[in-house]
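For the sequence shown, the UniProt record's numbering assigns the number 1 to the initial residue and increments by one for each residue that follows.
What the hints contain is simulated information worked out from the structure, not anything from laboratory work. Possibly wrong hints are sitting among the right ones.
Mimicking BS3-like on lysine-lysine, the simulated pairs with C-alpha atoms at most 30 Å apart in a straight line are [as the list claims (entries may be wrong)]:
#, residue 1, residue 2
1, K91, K44
2, K91, K24
3, K47, K123
4, K44, K33
5, K44, K24
6, K123, K58
7, K58, K47
8, K59, K44
9, K142, K193
10, K59, K33
11, K91, K33
12, K59, K142
13, K142, K123
14, K98, K44
15, K142, K44
16, K58, K24
17, K47, K33
18, K142, K24
19, K98, K33
20, K142, K47
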Amino acid sequence: MALCTVVLVREARSWVNDIVEIAKKIRVNAGWKDGADIGPVISKASKDRILSLIASAKKEGANVVLDGSDIVVPGFENGYFVGPTVITGVKPHMTCYKNEFFGPVLLLMEAETLNDAIDILNKNPYGNGSVIFTANGAVARKFINEVDSGHIGVNVSVPIPVPMFAFTGSRGSFRGDLNYSGRSGLQFHTHLKTVTQHWGENLADMRRQVSFPE
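Please take these sequences and the hints and turn them into a complete structure.
Put into structure tokens, the structure is as follows:
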């Protein structure tokens, strides 16, 4: 997703080291190279923006526990590569949390309860997709009902629906007045016509009528 943030609740807060170790194994290379997990970002401007947001996290008090800012890919030294980056201690007021990275950066936040986690999500300026990992159906139902996001997933990594459903969003992740794909997409591409008619046995003898047809 564009702004990848994990909110660790209760005992999940002990997972930080495991997450970092998994991120270290992600292989960065040109997209067509065998074994590559991620390629470069789309442009120099994109790379510079991502590095600027990582730097802002350091400046504002977050902890960059895995920093991919200086990665160099052999044979592609001038490529726009950013290595896997994990930032902990992120707070809602930080620049890195209020802007979308569009890069391989994972923000880790912590919450004491599910209510606290939902409150964090709903106060973010964006609302594209949110996911919960849980074995508790009641917890999942609460999350689905209370989170303000266009896409919601339960135990899936990326909550993007299949094409027959609408691609939705909320808050800063929504533009216009209709979603696209699914039923909303059909409505967007539908041209409406309103026709008013009045028929009678002898049209020549029908008097003119300015009120609604009877």
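ask   = Checking against the hints above, which ones are violated?
value = The structure conflicts with hints 9, 10, 11, 12, 15, 18, 19 and 20, although it agrees with all the remaining ones.
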